[in-house]
Structure formats: structure tokens, C-alpha cells
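*Asks:* Produce the complete structure using the sequences and hints provided.
Residue numbers (the UniProt record's numbering), protein chains in the order written: chain A, 1 to 477; chain B, 1 to 477; chain C, 1 to 477; chain D, 1 to 477.
Fair warning: there could be bad hints in the mix.
Identical copies go unnamed one by one, so any copy, or any two together, can satisfy a pair.
As the list claims (entries may be wrong) - Calculated lysine to any residue pairs in the SDA-like style (CA-CA distance at most 25 Å, straight line):
| no. | residue 1 | residue 2 |
| --- | --- | --- |
| 1 | K255 | I144 |
| 2 | K142 | K206 |
| 3 | K142 | A209 |
| 4 | K142 | C274 |
| 5 | K228 | D185 |
| 6 | K329 | Y117 |
| 7 | K255 | D96 |
Calculated directly from the structure, the hints in this document are not laboratory data.
Protein chains: 4
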Amino acid sequence: MPGRVESLDLRVRSRALGRSWGPRHGNTMAQLDSEVKEECLREDLKFYFMNPCEKYRARHQIPWKLGLQILKILMVTTQLVRFGLGNQLVVAFKEDNTVAFKHLFLKDYSGTDEDDYSCSIYTQEDAYESIFFAISQYHRLKNISLATLDYGENEDNRIGLKVCKQHYKRETRLSSNETLNIDSDIEIDCVLLDLPTLSESSQAWKQSAFFRLEFYRLLQVEISFHLKGIDLQTIHSRELPDCYVFQNTIIFDNKAHSGKIKIYFDSKANIEECRALNISGSTQKNTQYVLVFDAFVILICLASLVLCTRSIVLALRLRKRFLDFFLEKYNRRVCDTGRWEFVSGWFVLVIISDLMTIVGSILKMEIKAKTLTNYDLCSILLGTSTLFVWVGVIRYLGYFQAYNVLILTMQASLPKVLRFCACAGMIYLGYTFCGWIVLGPYHEKIIFRFPARRKEVKNAKSCFPACVTVQPYIELF
Amino acid sequence: MPGRVESLDLRVRSRALGRSWGPRHGNTMAQLDSEVKEECLREDLKFYFMNPCEKYRARHQIPWKLGLQILKILMVTTQLVRFGLGNQLVVAFKEDNTVAFKHLFLKDYSGTDEDDYSCSIYTQEDAYESIFFAISQYHRLKNISLATLDYGENEDNRIGLKVCKQHYKRETRLSSNETLNIDSDIEIDCVLLDLPTLSESSQAWKQSAFFRLEFYRLLQVEISFHLKGIDLQTIHSRELPDCYVFQNTIIFDNKAHSGKIKIYFDSKANIEECRALNISGSTQKNTQYVLVFDAFVILICLASLVLCTRSIVLALRLRKRFLDFFLEKYNRRVCDTGRWEFVSGWFVLVIISDLMTIVGSILKMEIKAKTLTNYDLCSILLGTSTLFVWVGVIRYLGYFQAYNVLILTMQASLPKVLRFCACAGMIYLGYTFCGWIVLGPYHEKIIFRFPARRKEVKNAKSCFPACVTVQPYIELF
Amino acid sequence: MPGRVESLDLRVRSRALGRSWGPRHGNTMAQLDSEVKEECLREDLKFYFMNPCEKYRARHQIPWKLGLQILKILMVTTQLVRFGLGNQLVVAFKEDNTVAFKHLFLKDYSGTDEDDYSCSIYTQEDAYESIFFAISQYHRLKNISLATLDYGENEDNRIGLKVCKQHYKRETRLSSNETLNIDSDIEIDCVLLDLPTLSESSQAWKQSAFFRLEFYRLLQVEISFHLKGIDLQTIHSRELPDCYVFQNTIIFDNKAHSGKIKIYFDSKANIEECRALNISGSTQKNTQYVLVFDAFVILICLASLVLCTRSIVLALRLRKRFLDFFLEKYNRRVCDTGRWEFVSGWFVLVIISDLMTIVGSILKMEIKAKTLTNYDLCSILLGTSTLFVWVGVIRYLGYFQAYNVLILTMQASLPKVLRFCACAGMIYLGYTFCGWIVLGPYHEKIIFRFPARRKEVKNAKSCFPACVTVQPYIELF
Amino acid sequence: MPGRVESLDLRVRSRALGRSWGPRHGNTMAQLDSEVKEECLREDLKFYFMNPCEKYRARHQIPWKLGLQILKILMVTTQLVRFGLGNQLVVAFKEDNTVAFKHLFLKDYSGTDEDDYSCSIYTQEDAYESIFFAISQYHRLKNISLATLDYGENEDNRIGLKVCKQHYKRETRLSSNETLNIDSDIEIDCVLLDLPTLSESSQAWKQSAFFRLEFYRLLQVEISFHLKGIDLQTIHSRELPDCYVFQNTIIFDNKAHSGKIKIYFDSKANIEECRALNISGSTQKNTQYVLVFDAFVILICLASLVLCTRSIVLALRLRKRFLDFFLEKYNRRVCDTGRWEFVSGWFVLVIISDLMTIVGSILKMEIKAKTLTNYDLCSILLGTSTLFVWVGVIRYLGYFQAYNVLILTMQASLPKVLRFCACAGMIYLGYTFCGWIVLGPYHEKIIFRFPARRKEVKNAKSCFPACVTVQPYIELF
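*Replies:* Listed below in C-alpha cells is the structure:
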């Protein structure tokens, strides 16, 4: 706001100067030419700083850009909502599968994770039972699972379950009975249990030396296996179903040796091409309409991009004319605020938003065509661009007088608010460090999540009354 | 406030003009006549804009309307509370029944719903057991249920349990062992298990081919049955008990094929006429008093309606006189604000409230007489009208000077607050869309409830500090 | 504030008048006498409105009252804390017993109440089992309970368990098979199970006709029994232990006939004299110190009471003198605000507080001496009086200039805040009625607790942002 | 702020006086000398109150102190974060062990503590089972525990489990059957169960008279034992693992005799030197780098300490000169505010912070070297000093004009805010006492935690709206 007001002053002043100086010196021809040029520049400047309504009234210029932006808001939001609904299905499918796996492979899983780990065990018996439970559930998988699952191949192209255990090396030299001998080097032993082994009626694998765990030197046991799944929901909404490979890993973490083994379950889901699948029936071929819609969005964004770039180029040219004129006439350089006044931040916002929408839409079309599965990047691009487009609406509200005051006031107050936040932030930072180190460790819940959001939220809450009480200070400036 | 102040100014001004102009030109008869007319109009205007106390002092007009409104507040609130207490019983009965059904028909129901579904299962064994459990509980219903239930008749007038399963059609042509063959068309199979079938000691129905589920192509299993119940509580409070037909549906939803079957329990309760019921004993016949009370409420609302309508009609006539006079004397049209000043928003509020109370009371009497069971519409009508009546109390507070200032100030500030909300709303909308698409899907809890209230509340909370910090801006206008 | 300022003005004015009038008329003796009297009154008034520090400076009057109040704050707070700690033990004992009873007598009690009822059952089998469980636990009580319990005598002086069932009378006339016959009159059947009956090995009581419940007409089953307990903790802190009689009642509530029987457990604990108790050993005899302390508190409060009453009497006399003088001299009555200025609200507060402390302390001594057990009344009296005493501290803060401004400002702003609250309250009341009736019944949690605090708190929370946004309005006055 | 402004005024005034007085009297030599001295003092004063940037501009003095402080912030924060991460591991290990012990030794432990106690039992059978469970788990410990635990020696150097029971002495004289005879003296019986006793196959210890508990006079049963553990995690991050001795105590608390025995589990972990431990392998020897870093922090803090102390000494000298000059010239003493203006609070803060950091760093080095295990004191020292260092950053923000205004405003408003808080505090204190005694005991949750934080937070919350509504009052000053 200060910038804009200053530049307005400047224009007013320059006009006033022009008028008062004009009659005094303006006799020669050069003077006249300069005056014509000045008048022309003044007209162009006045027109440039008009809003669409005024432009229409002044030169009957139809506000194409304005119309385009309004159309763009509608299109981009529609596209985002459609994409979001599709994306939800994909994410929900992955999460439901993870939850189902936890219920299948973790013994006594309660349905909710305890913390960042799924469950925890405290006795040696429970440890053996949990490991054997997971292995035998894998063996019986096809008879118990409700999902359409199949065994997948490992990294080394074998079907089966890989069990690895990490432990400290046992000390080789003989020691007295009383002493704990530990070599701090870590050994990793692995075994692959394939389906035939698991099917043996004698369950000989359970008796193998591998499964005799020495807990005092055990660091962790890791059970990993691959499963293949298929997301049939997409048959309704889209053409082809996605096929998934789930890389499941169960980790029994005993690194702390605190008598509590934490069980982590991790399921990574990769989308792959479906091969062994045969779908028939009347599938709806509505994909092309979606692609046409996406293409249309790209077109509109391109148009908007071109128009805004053109505006900025014209503005820069106008600025050059103005600066030259100013330098020539008053032999003075225009201040920085005056220079920046010419480059509208809104146009920059629109251009960034357009670029993001275009890239996002292309990604979306690729995903639709099953050549890409990069849902995350696409959702970030489309989401952020939509945020910018909606924030851009505020600019159009600024064309109404009442709102303009509001917006300018907010612009003017922002630095004060930020400055206050900086001060409060310093105190808060010190408080956080101090609180974390002095109080933190003694609250079990805070330990594992120092950089997590939850704690900050709590602190922010407790800080909140303070914020309110200092609020009057802001007003005092 | 601006409107009222303006009109007051206007009146003062016109009076001042009258006095200064009077002596100057007022000699002719026409002038005198006009002056008398003007004085008369001025008196009427002054009287019109008085509040009841002033009116009483000026013309000893007893404030009937005021008394009526106060009486109405009491009556309407009493009526609402009575209706609310009755309504609570009905709703509580329905909900208790639903909870009881969930405990009876859902295996291992924990007492609280997991999400929008009641519980979930993860293994084939659980799926079969849950289905068979629901069916056998239905069969044993009369021996286990604590409620006075009876089997109801289906849509096709048969007593029994209807089990339907939806699945993709199996591919007819032969396929290799490795390939999954699915026809995207959906088939629905149904079977009706009547009581004789269920009573067979051999439980042959469990072995039928229908209950051999192929989970890879199963979409959902739906068990539906009708039960008849009776709400005996009403014997105490009202004359006749309500009879209910519960249309229960248990849905095993496997549409996602994610390995997790969600179990939905849905119970629709319809109130029906009780036939096979025979009640004797000393039932209290207090219904007629309630009906008389309702009738009295309707009468009062009608009176209030008539008085307010009359006031508005008189106001419109006065406005016409004033506009004519103004046009004739100053040859000017009165501005819109001045015109609207005559139509009191409070009267409109009272009229709407009265209409709603009358319709609501009639509905309530019908419900009492068991000819209607439309509790919802009736509660909306009565509730909203009571809200309006209480809000209307503010008007009477406005008669006290101190409160009037408060009310006028709030009126004046409202547009600024709304304008600010519009700006904040834009940013919030963009933020919502962006946040939903970028962050949303990765938080399990937000997925299924995008348009639900809960999320918005949370967002609103997190937005709240922001609101507080921008609050000073509002004051800057 | 206005009042006090006004009276100060008044004094200043009267002094100014006195000085200017003095020289003009003051020749006669009467005049002189009057002037002396006036001067004397003026001095007294000035002294009366001084604060203790000024009084000390003016007439070297030692501020006894102030010292007494400060001493009283210390004493009363100490007394309250001591009483509170003792009271906590009593309440904790009662609640722990109630929780223990719930675990003993309610089958499958989870440890937390579900709502206002402890647990709920949904099948006939559960109903029988719960009832029989409670009865057999009563029988085995001495072998299972950890507390020192004994069977107590019923109202009719018999030891045993009283089981009552309420149900609608069965219709006498024969009815068809299909019709439900209910007489709306209610019958109550009771049976007393004494210990010999319960000890029978055949458990014949279970087979009695009484325990064949007809759920369709059953309203409630009530099991009631008395138990005697003893609170030994008091041996340490006080001289004699309290003996308790627990009147336990288990109610199986089927009034709604909704298929859900709610089980209420109610335990009323009465303190009684311990008879069959024999305590020896070195019990600490510190009770007398407590009694002395209480007596000292009573003494101080009496002194404070006398001093404050004297102050008020003196103030009233001074007022009379002032009013007479004013009437005589200026022939004018003093306005009401001026009159009330003489009666200090603080003194009234202190007197009320003193009276409450005295009565409370006497009660406390009686409780100590085991002649009374009225903990509740005593805690209300002592608590409220302490609140008043602490609020009274604000008065002494008012003697410092900086705080006085604060207090006067708060006094001045209070009516505006209250007025605003009245307006908001109206809207809120309407909103509450409307919200309750329109939305309420459909949220299970709100149903049963309409007049409870929890809901209001929630509403208040949701109302809170509104309060904040309207806050600037208050400042506009 | 007032102080500073006043002193600035003072300086301005004295300068103004100097100039106006100079020409009038300044002819003699003494006068000249005095004037030179005055000018010199004025220059020094001006320089003293400059900020670093101005100092640099005035005398090209490089701001060493400023640079040092900025370096210190970085170093101290890094040190704190490193220490905090290490400390977390230690605390987490202790807590995980405690949780694991609770799962091992408490029967039916749910995983979360009920209140300040871990679980509670309600029947005699449960009491016996819980006690025997804990004892037999201790016996089987090596076969069930996942941690590397060993039996530790008691205070009297014996390995085993010590069971103590407290009860009232039984009355010796014979009593009638009906009377409860209790001697209020307390007896303590203890028994030590060593491993051989526990290993007896007949489990004769269970049948001993000691374990025949008489609950009516039992006060508590205490099971205590020592276990040795080892924290192997530190092998990775630091050189040597810590060895722990866990002093575990299980208390069955029946003091209330309310029928509910509360089970407390308390585990005290002491770090001891590891003896029977033999670690080999390639341990990383990175400890010396950490020690060098700590030493460097100490050096920097010493430098900062010296510089700040020097500044304060110089300031005090300057003050002496100023006071002497003032006394000599104007024969007046400088007011207190003027005096305090010379001692910068920031320097005092920095000095305190430096001292704490130095002591904390030395402690940290000792802990690293395993000669001390005083984690708590060290974390309090380092944490608090870091808080101070960060708060000190605000001072540097004060060098920028815009921030300075903010800081001065906050300084000026602080007393008003505090004064308001004092008033509110009085009312709140009274309210707390009253609320605790009148309402407190009847809410189960508040009983046991009167002085705890939780309740205050709740009260503070309910008080919060009040705070907001009175906020405008603050602004009125």
C-alpha cells in the first residue's frame, strides 16, 4: 500500500509539476514535442493503472483476461475435485490393504497402532509366537484373506518369505560364567522360507537353529514378503484396474534391549501393469471425455499464460519509457518502490498458477493413460495451482471500493504483524529448546515426536492466551 | 442505523424548514391548508416512529401488541419444551433399538461404531461366521431379545430373512490357471430364509451353494428383515403407544476388494398403527388439555399475525401519504433508505414466526391425534419460530436507550464484518480445496468425510487464531 | 465510580461554598456555631472517606480492622485447606467403595460407567445371569470383598437382599394368540432373600416363579441391600473412625422396552455411630488443638464482625448528621447515590463472610466431635466465606493508586458488559431452544443430558468465536 | 520505557542547559576546565548509549561482543540439541524398561496406568493371585524377559525378593464375636524369598502363614527386588554402555480399606559402573571430538562473560563520574531510575546465561566421561541458559527502529498487564479455594490431584473467556 500510494502521489506530483512548468518554459518546438510525448506517456500510465471496468469505460476494451480468469476458476476447480475423488479411492485402497495385512499378520493386533509401531511384546514366548504366527498366516494366506491376493516374487525372483535377523557377533574367546561378552560388530543372518518348506507337515523349519533367538544379542528380526493385489473398483469409474505389488515388511525391533520389542509393519504399494487379467463385459468408455476436458483446461491456461506474459512485457516497456523520460526531464532515477509498482504481483501469481496447472494436467492425462502413476506430484501441482487461483479472486474483489480499503489495510498492517511474530518467535524458539530439553524427556509422549506436528500444536495452544493478551500491543503502533 | 438516523435528520430538517418557511410565505389559504396537512402528517410520522412507552404517554394507547408478544414468548417456549421432551422419547426409543439390534445381530460388536460402518472383518472364516451368526440370531430372536419384538412381513408379504449377494459375473470361456477372469457386469442372487427353513435341525441352508462365497468376485452380501416393535413408554405420557416397523439391513461391503469387509447396520423405523394390541387399565386422559393449549397458542399467534399485518398496512399507507407530500412540496423523490424505513423488519420477522408457529402447532395436534408422524418437519417449524421469537426480544431491549446504542452499533458494523468474512472466505475456500487434495488423502480419518462437518470444524479451529490476529483490521475501518 | 466521584465533588463544592459564604454572613453567634458544626462535619466526612494509611497519618489511628482482616485471611484459608483435606478423604472413601461395589456386584463391569447408567445388557440370558450374579456375590461377600464389610439390616430390620420387580398387570381376560394384552396399571412384586435361603445348596430360589421374568411387561427389577463398613483411615488423622451404612440399589431398567436394559448402581453412604468397634493403642490426641484453632477463628471473625458492624453504625449516624445538615442548610435532599455512598459494600461483604465462617466453624467443630456429619453444608459455608474473604483483598489493593484506577474502570465498564451479555443471551437462548429441538434429538449424546452442563459448555465453545468477533462493539460505547 | 525516556530527556535537557549556561559564566579557567570535562562526559555518555552499529560509525569500534553472541547462539543451540538427543535415549530406555516390568510383574496390566496407580483389584482371590503372579514371574524372569536382565543384590547384599506387609496389630484380649478389635499401632512383617526357596517344586512358600492375609487389618503389601540391566544402545553413539540397577517396588495399597486395592509399580533406575562386561570390536572413538566441542563452548562463554563483566564495570565507573559531576554541578542527586539506566539488564542476562552454560558444559563433559550421571541438573542448566540466549536475541532486534518501538511498547505495558493479573489472581485464588472445597470432592477426577497441573489448566480454560472479555479494560488505562 505505501508503494502504491507513493506512486500515486508521484504521478499527481509529476502532473502538477508538468502544469506549472509548462507555461513557464514551453515556447520552443522541442519543448512542445516533449510536452506531447509527456502527455502521451501520462495517458498511457493512467490507462495502465486502471482496473478493467475503468478501462472498458475509457477505451471500450473488453476485459478478456477477466473473463478468462473466471472461466479458469470454474474449470480448474472442477478438474481438481474430479481428480481428488479418484485419488481418494487409490489412497483408501492402499490404506485398507495395510490395515487388513496388519490384522492378518500381527498376532493380537488391536486395530489401532500404539505409536509409530503397531504393537509391542514383552516376553520371549510372545516373541516366538508372533514370528511363527506371521509365517504361518503367510502360508495359509489364500484360505483366509478376503482380498484377491497372490504371492509375489522377491527381489531375487523367488516366491517365499525372507526372514532376517541382526545380532551382535558372539565373542569367540572363552569367558567366565558371570561376564557378558559382546562384540559390537553386527551380523545379519537370513533364511528364505518358500511355500514347499512351509507346507511340510512336520514343520521342521520351526526347529531349525535359525529360530533359536539369543535375545541378549539380538537387534532385530525382519520378515519380508511380496504380495500381488488388484484394485477392481476402477472398473466402474475408469477403464482398466490397477495392479499392485505390496512389499510387506514386519520388523521386530529389539535395538533398545529394554525388554520391549516393538513390532513395525510396513507396506509399500507399487502400481504395476496388470498382466494375468482378463476383463470383459460392457465397460464404459468415458475416458476420452475426461481427456478432452483436461486438454481444454490446458488450452485455457495457455491462453491465460500468454495474455499475462504479454501484459508484463507491455508493462516493462512502459516502465522503460517512464524511466527514460524521468531521467531525461528531471535527471533523477525513480526509486525502487516506483519501479516495482509496474510489475503486478497478481500477474506473476497467475503465471505461476498457469504453469503448474499445465504441468499438472499433462501428468493427470498420463496417469489416466496408465503410463505414469505419480499421483503425489500431480496432486501437489493441481492443489497448489487451485489455491493460487482462488487467492487470485481477492484481486477482483479489490476492484470494488469497499473491499479495496480492506485489502490495502491488510497490506499495510502485514509488516507490523510479521515483525511482532518475529519477536514472539524468538521467545518461542528459546522456550521450545528449553522446554524440550528440560521437560521433554520426562513426558513419554513427547520423546519420539520432537519434530512432529502434534507437540507444536499443543505448545501453540498453550501459547495462545499469551497471543491474545499481547494483541493490544499490535494496535498501539 | 444510517437509514434511521437519516430519516430522523430529515424529519428534523423538514420541521426546521417548515418553521422558517412558514412566516415568510404563509398568507394564502392554500398555504394554510397545506400547512395543516403538513403538520398533521408530521404528527402522524412522529407517532409512528415512537416506541410503545412514548405512544402510551402521547396518546394513552395501550401497547396490546407488546403484551401479546410477551405472552407469546411464554406460550411458544412452553409448547416447544413440551414437544421437545416428547420428541426425545421417540428418538431415544429408535436409537436404543438400533443399538440393541447391533448387539444382537453383529458378531463381536464392540458397542461403538468404528466409523460410518459398525465393524469390520478380515478373514474368510469371520465372514462366514458373521453371516451365519446374524441369521441364527434372527431365528432365535424371541428367546434372546429383551424387547417386545415380532417378525414383520417383507415387501412381498412373507415373513423371513432375505439374503442377497452381488458379484461380478464369472467369465464363461475357459481360461488358463494363472489368469483372473472377470466380467464387469454385476449379478444379484437372492434367497429367502423363512422360519421353517431356519428351524430345520440339520441346518441344511448353511450347506446350500448360495453360501459358498467366491470372495474374489463378491461385491456385497445384504441381509434384510423386518421386525415389529412397540413403544410402551407412551402409555404414561400420552394416550396410545406407537407401533414401529423396523426395516433392518446388514450389509457386508466388499466393493473395494481390499481384504477388509465393512459391516453396515441400517435400521429404518416407521411408525404404524397398532393393530394387535389391547390395552386396558386407568390410562390418564390428559390429551385434551394439551390440545386446548395448542389451540390457544394458535389463537394468540393469529391475533399477533393480524395486528402486525395491520401495522404494516398502516405503515404502507402512511408512506404513500409521505411520498406524495414530499413529491408535491419539494418535487423530489424520497431515497430508497427512506422508503424502507417505513417497513419494520421486526414486523416481518414476527409475521414469519407466527405463520410457522401456526403450521407447526397444527402439525403437532395431528401428531398427538396419531394421524401424522411427521416429527421432523414439526420440530423444525416450532424450533425456528421460537428462535425468531426470542431474537425478537432484542427489539424490545432497543426501547431502552442504552441498549439501542448497542443494537445500532451492531447494525452499522455488520457490513464491514461480512465484507471481511467474504475476503477470508475466498482464501479459506482455496485453502480447503488445496488442503483436501494435497494433504487430505494421506490422513485416513479425512478420506470418507470430506463434505462432513467434522473436518470443517477442525479447520475452523486451526483458522481461529488467524481470525483473532486479523481482528484489529476490522476496527481500522 | 460515578457515585464516589460525585460525592468527592460534593465535598469539594461544599467546602468551596463554605469558604465563600463564610465571610459574607458570618457575624452572628448562630452562624458561628453552625460554621463550627459544619467544619466538624466536614472533618468527620473527610476522615470517614480516608483509607487506613491516610487515617493513620491524619489521626495516628492504628488500622486494627486491616490487621484483623489480614490475619483472618490466613486463618480462614488454613482452616479451609485443613477441612478440605479431611473432607477429601471422606469423599474418596465413599467413591472408592462405590467403585468396588460396582466391580463386585455388576457382571462384566468395564470400570467406567457407560453414561448415567453403569452398564447395559441386550439378551434375556444376560439379564438372568446379571441378576443371579449380583445375588450370589452378595452371598459370598465376606469371602471375596477386600473391605471390612458386614451385612446391614434392611428398613424392616432383617438382614438380606430385597428383590423387587415392577411390571404391567397381565390382562385377565383370555385373548387370542396374536394380540398383546397389557393393562397399563403397574404391579410390584418383592421377595426377600435372607442368608439361609441363599446358602441352600440346591439354590432353590433360582427356580422360584418370581425369577421367571416376562420381559414384554417387565418395567424394572430392583435389588437392594444394606452393608456396613468402617473408614479406618481416620485413625491416623483424627481420633475416631467413621462407621458407614451403604444402602446399595441395583436397578435393571426396562421401562423403554427398547431391547436394552440399563443397569444403574446406586450407593448411598450414611455415617453412623460405630458400636461394635474396639480400638486401642497409642492414638494421637491432637484433636483438641484443632478445636482450639477453630475457636480462635471464631473469635477473630466475631471481632471482625463487631468492628465492621460498628463501622456501619457509625457510618449511618454520620449519614444522618450529613443529611440533616444538608436539609437544614440547603433545604435539599441528597440524591440516592450520595446516600448509598455511606454504606460500604465491602463491610457488608465482610459481615456476611464473617457470619458464614462462624456458623461453618461451629459446624466443623461438631463434625469433629462426631455429633454431626453434615460435611456438605459445612464445606459450602466455609468455601463461600473464603471466596468472599479473598475477593475482599481487592479492596486493599484499591488503596494503591494504580490499582484503584483499574478497579474503578472495571466498575464503570461492568454495566456495558452486562448489557451486551443480555443481548447475546437473548440470541443464545433462542438458539439453544431451537438447536435443542431441531438438532438435539438426532445426536445420541445430547439426548439424555439436555439440562446438563456438558452440552452448554459445548455450545458456549461454539459461541466463543462469535463473542470475540463482537468484542470490538463493546469498545465502541 | 519511562525510565529510558526520562533519562533521554535528562540528557537532552542537560545538554541544552550546558549550551545556554556556557556563554553566560564561562570566562575563568576553572570554568573552561569544567566545560571540557563536561563535554568529555557528554561524549562518553552519548557513546555509551549507542548501539553497536552507531558505535562502529562513530569510532570504528568493531562489535566483538555482538559477533561473539551470535556465534554463541549457534554453539549453545547445537550443544543443547546434541545433549537432548542423547538424553532422550537414556530416558526412553528407562521408561521402556518400566513399561516392560509392568507387563511382566502386574497381572492383567492393561498397558496404561489407571491413575497415579497402575491397576486396581477388588476381590481377595485377585489379591492373592496378583501377589503370587509377581513372585513367580520374578522366579521365571530369565526365561521370559526379552531384556538382558540379571538378579541384583538387595540392600543387605542378598539376592531375592523381599515381601513386607504392614497391618494393624491384632488386639490381644479376647473379644466377642461381633466386635471388631483393632489396635491402632502398626506392625511390619517381612520375608525374603530367595531363588532356592522359589525353586522348590512343592511351592511351600505359598502355604506359609505369612501369606494368609487378614484384609480387615492389612494396610499394605510391598514386594521389592533389585534387577541389573544394561543399555547396549550407547555402543553406537558413545563409547561405553551404561549399566543400570533397577530398584523395583510393587505396592498393594489397602490403606483406605475401601474394598479397592491400588497396585503401584515403582522402578528407580540408577546408573552404575559396568563390571561384568566385555566389549570388543571396532568401536568408534568419536568421544574426543565432542569433548573438544564442549571445551570450545566453555571458552566462548568465558570470553562473553569477561566482555560483559568489563562492560558493566565500565558502566559503573561512568555512572560514578556522572553522579559526581551532577552532584558537583547542580548539587542534586540523580533519581533511582537514572541510576539504574546505567546497568543494562541484558548484560546481567548474558552473564547469568554464560555462567549456567559453563557449569552445564563441565557437567556434560563429566557425564560423557562416565564419572557423573547427573543428567537432570545438566539439562536444566543447559536448557535454561539456551532459553536466556534466545531471549537475548530480542535485544539485537531492538537495534532496528521498527522493532525498538515494539519492544518499548511491550515494556511500558507490562506493569499494567501484571497489575491486572494480580487483581484477577486474587479473585481466582478465592475461586480456587472455594471451588476446590465446595465442588472439588464430588468430582472423582479432581480429588487426588489438587495441586496438580491438570486441574489448573482446566480452570484456566474456563477462565479464559473471562480474560478475553475483560481485555478491553487493559486498553483503557
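*Asks:* For each hint, tell me whether it holds in the structure or not.
*Replies:* For each hint, the structure was consulted:
1. K255 - I144: between (33 Å within a copy, 18 Å between copies)
2. K142 - K206: Both ways: K142 and K206 sit 21 Å apart in one copy and 22 Å across, limit 25 Å.
3. K142 - A209: between (28 Å within a copy, 20 Å between copies)
4. K142 - C274: Within. Shortest intra-copy distance 19 Å satisfies the 25 Å Cα cut-off; inter-copy 51 Å does not.
5. K228 - D185: between (36 Å within a copy, 24 Å between copies)
6. K329 - Y117: This pair counts as neither: shortest intra-copy Cα distance 73 Å, inter-copy 77 Å.
7. K255 - D96: Answer is between; shortest inter-copy Cα gap is 12 Å, intra-copy 30 Å.
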